[in-house]
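Undergrad: Read off the chains here:
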Amino acid sequence: MSHENVKERELFFGPAHPGSGNFCVKLMVDGEKVLSARADPGYLHRGFEKLMEYRDTMQNAVLSDRICVFEPLAWNLVHAEAVDGLMGVDVPERASYIRVIMAELSRIQSHLIWYGGMSMGIGFDTGFKMAFGYRDYILDIFELITGGRVYPAGYICPGGVRKDMPDTAREKILDVLKRIDEIKMLEKFENPTLLPRLKNVGVLELKDTIRLGATGFVMRASGMRTDVRKDDSYEVYDQLDFDIPIQNDGDAYSRFLVGIREIEESIKIIRQALDELPKGRLKPIKPKLSTKIPEGEIYIRNEVARGEAAMHMVSDGTGSPYRCKIRGPSFLHMIPVLEYLLKGVQIADVPAIYWSLNPCPADMDR
Amino acid sequence: MSKEKALVEKIERKFGVKGKAERKRIWINIRKENMIDLCRYLKELGFEHLSAISVTDFIKRGKYELVYVVWSYHDNIAIIVKSEIEREKPVISSVTEIWKESAQIHERELHELFGVEFEGNADLSELFLENWKESPPFRKDFNWREYVGKKYYYKQDEKEKIYLEAGI
Chain W
1 MSHENVKERE LFFGPAHPGS GNFCVKLMVD GEKVLSARAD PGYLHRGFEK
51 LMEYRDTMQN AVLSDRICVF EPLAWNLVHA EAVDGLMGVD VPERASYIRV
101 IMAELSRIQS HLIWYGGMSM GIGFDTGFKM AFGYRDYILD IFELITGGRV
151 YPAGYICPGG VRKDMPDTAR EKILDVLKRI DEIKMLEKFE NPTLLPRLKN
201 VGVLELKDTI RLGATGFVMR ASGMRTDVRK DDSYEVYDQL DFDIPIQNDG
251 DAYSRFLVGI REIEESIKII RQALDELPKG RLKPIKPKLS TKIPEGEIYI
301 RNEVARGEAA MHMVSDGTGS PYRCKIRGPS FLHMIPVLEY LLKGVQIADV
351 PAIYWSLNPC PADMDR
Chain X
1 MSKEKALVEK IERKFGVKGK AERKRIWINI RKENMIDLCR YLKELGFEHL
51 SAISVTDFIK RGKYELVYVV WSYHDNIAII VKSEIEREKP VISSVTEIWK
101 ESAQIHEREL HELFGVEFEG NADLSELFLE NWKESPPFRK DFNWREYVGK
151 KYYYKQDEKE KIYLEAGI
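Same order as they appear, the protein sequences are chains W and X. So in our numbering, spot 69 of the first sequence is number 69, and the numbers just go up one at a time. So in our numbering, spot 155 of the second sequence is number 155, and the numbers just go up one at a time.
Hint data in this document are derived by calculation from the structure and do not stem from the laboratory. Predicted, not measured: the structure shown is a model, and the values here were computed from it. For every residue, glycine included, the Cβ atom is placed at its ideal position computed from N, Cα and C. Any given hint could turn out to be false.
As the list claims (entries may be wrong) - Ranges between beta-carbon positions, derived for each pair:
#1 W:R281 with X:K14: 52 to 58 Å
#2 W:D243 with X:K32: 42 to 48 Å
#3 X:G115 with W:D181: 48 to 54 Å
#4 X:E86 with W:G296: 20 to 26 Å
#5 X:K14 with W:S233: 26 to 32 Å
#6 X:K14 with W:T126: 55 to 61 Å
#7 W:D90 with X:G115: 37 to 43 Å
#8 W:G123 with X:E86: 53 to 59 Å
#9 X:Y147 with W:D241: 47 to 53 Å
#10 X:K14 with W:D243: 35 to 41 Å
#11 W:G88 with X:G46: 50 to 56 Å
As the list claims (entries may be wrong) - PhoX-like, lysine-lysine: derived pairs with alpha carbons at most 25 Å apart:
#12 W:K292 with X:K140
#13 W:K230 with X:K5
#14 W:K50 with X:K133
#15 X:K82 with W:K50
#16 W:K292 with X:K60
#17 X:K140 with W:K50
#18 X:K60 with W:K50
#19 X:K100 with W:K343
#20 X:K100 with W:K207
#21 X:K20 with X:K3
#22 W:K7 with W:K33
#23 W:K26 with X:K133
#24 W:K288 with W:K50
#25 X:K100 with W:K26
#26 W:K230 with X:K20
#27 X:K43 with W:K230
#28 X:K150 with W:K50
#29 X:K32 with X:K20
#30 X:K43 with W:K207
#31 X:K3 with W:K230
#32 X:K14 with X:K3
#33 X:K18 with X:K82
#34 W:K7 with W:K26
#35 X:K63 with W:K50
#36 X:K140 with X:K89
#37 X:K32 with X:K140
#38 X:K89 with X:K63
#39 X:K63 with X:K140
#40 W:K199 with W:K129
I would like the entire structure built from these sequences, with the hints used as guidance.
TA: Right, dumping it as structure tokens:
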């Protein structure tokens, strides 16, 4: 074959690309133009759905940390709610509030990783360093409350939470929230760097979102006001007051803006939850052997930072679930949505589009 | 009458099936012949978001249970449609014409992990696995301990044998 006649080339974006994570997109390119894209997942496929069939509830609570590397607490909550629902357990109200506080802190730190990753992808290194620095303050809270900085080892578990928050937690959280607010000062550096790289890049119109399976912030950036916390409320979200930020352009910049506004909303939620936290002291939950899950099935939906997370759990009356289907939001965002958005763009825009979808290869492959 | 109750009765009358209404959830069992018609009807009713497709392997009964979860952004209700197919010859019509790309990718995953054939889905190529020759790995009768032992442990490290023999 003569090299002069070759027009199309295949370019691998990942899995060893510094900006891609454990995930690969194969791009067919003609010069600088991407003709088509094909996602190649599977580098993090650990088979959680199968693993959970062989473990009891407490082991699964710990296992559920690992479904998404960036927000273990949110997935803890999904699993815990599924088991609670099947067992018919009423979670103490105080535990429910603590769950919400932890899930929202988890959302903020996940959005900060996103901010950092996106900044790195398009060469805005100040944002990358700042975001990861501020995220560390939240990890300090996680260490104080759960004992683990990144992985809480099933802190949110069936029945409530493993142990109550220490007395110092409230002050510490309020202090950290004040600091997170400081990230707004980045706005004055942001615009010259981010705007030209993100504006009108990777536009997803509202009519295409549902067909492609987009949920969460991707839909909100395309102008749809939807949030599982409001529409299919769980825990105590219906008693808390917060807004659903939306944007109408559907481009990478809109998705970025939605993410930033969500950090503000989460801060609002945590402040309220801390104020309304019922008094009292929760008893620690210890792992019990031979806990049986009653026969039945349940479908749980949650809003995690990346979109709609869901779990379909079937139990046959033994200690382990008979079947546990996990729906990761990135599975839809990183395969159909990404393949659609990458068609016809320039290679230089690929990292910007990729990161604007807040990818997590872990919850895609599961 | 709640929205869920009204909706489940409407579907029961039209398709002659039994449904169960809970808060924001409706569960329906249906024969696989009528499944596509029901799905089309649900799409018309505004259930346009396909949240997930799942398979449950009931090995004792020799059945696979297909589970389709659809969500309406208008009514804010999830309907869970369940349909049984033969486990040994798992074939069912695809719902890609109804829910498009989002259905396509879910079906592709289940084809790989459970071996279900979705008639009418154009692309059921490998997704997570690479050159997989064994039986589909998420079936209940797939012995992953044996597979992992044979494939990785015995050859490389004699000490690893103990995990396999202890059945951990």
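Undergrad: All hints, please: hold or fail.
TA: Hints and how they fare:
no. : hint                           : result
1   : W:R281 with X:K14: 52 to 58 Å  : holds, 53 Å
2   : W:D243 with X:K32: 42 to 48 Å  : holds, 44 Å
3   : X:G115 with W:D181: 48 to 54 Å : holds, 52 Å
4   : X:E86 with W:G296: 20 to 26 Å  : holds, 25 Å
5   : X:K14 with W:S233: 26 to 32 Å  : holds, 30 Å
6   : X:K14 with W:T126: 55 to 61 Å  : holds, 59 Å
7   : W:D90 with X:G115: 37 to 43 Å  : holds, 41 Å
8   : W:G123 with X:E86: 53 to 59 Å  : holds, 55 Å
9   : X:Y147 with W:D241: 47 to 53 Å : holds, 52 Å
10  : X:K14 with W:D243: 35 to 41 Å  : holds, 39 Å
11  : W:G88 with X:G46: 50 to 56 Å   : violated, 31 Å
12  : W:K292 with X:K140             : holds, 20 Å
13  : W:K230 with X:K5               : holds, 21 Å
14  : W:K50 with X:K133              : holds, 18 Å
15  : X:K82 with W:K50               : holds, 20 Å
16  : W:K292 with X:K60              : holds, 20 Å
17  : X:K140 with W:K50              : holds, 9 Å
18  : X:K60 with W:K50               : holds, 18 Å
19  : X:K100 with W:K343             : holds, 18 Å
20  : X:K100 with W:K207             : holds, 13 Å
21  : X:K20 with X:K3                : holds, 13 Å
22  : W:K7 with W:K33                : holds, 11 Å
23  : W:K26 with X:K133              : holds, 24 Å
24  : W:K288 with W:K50              : holds, 22 Å
25  : X:K100 with W:K26              : holds, 22 Å
26  : W:K230 with X:K20              : holds, 23 Å
27  : X:K43 with W:K230              : holds, 23 Å
28  : X:K150 with W:K50              : holds, 19 Å
29  : X:K32 with X:K20               : holds, 18 Å
30  : X:K43 with W:K207              : holds, 15 Å
31  : X:K3 with W:K230               : holds, 17 Å
32  : X:K14 with X:K3                : holds, 17 Å
33  : X:K18 with X:K82               : holds, 11 Å
34  : W:K7 with W:K26                : holds, 16 Å
35  : X:K63 with W:K50               : holds, 18 Å
36  : X:K140 with X:K89              : holds, 15 Å
37  : X:K32 with X:K140              : holds, 22 Å
38  : X:K89 with X:K63               : holds, 9 Å
39  : X:K63 with X:K140              : holds, 11 Å
40  : W:K199 with W:K129             : holds, 23 Å
Of the hints listed earlier, the one the structure fails to meet is number 11.
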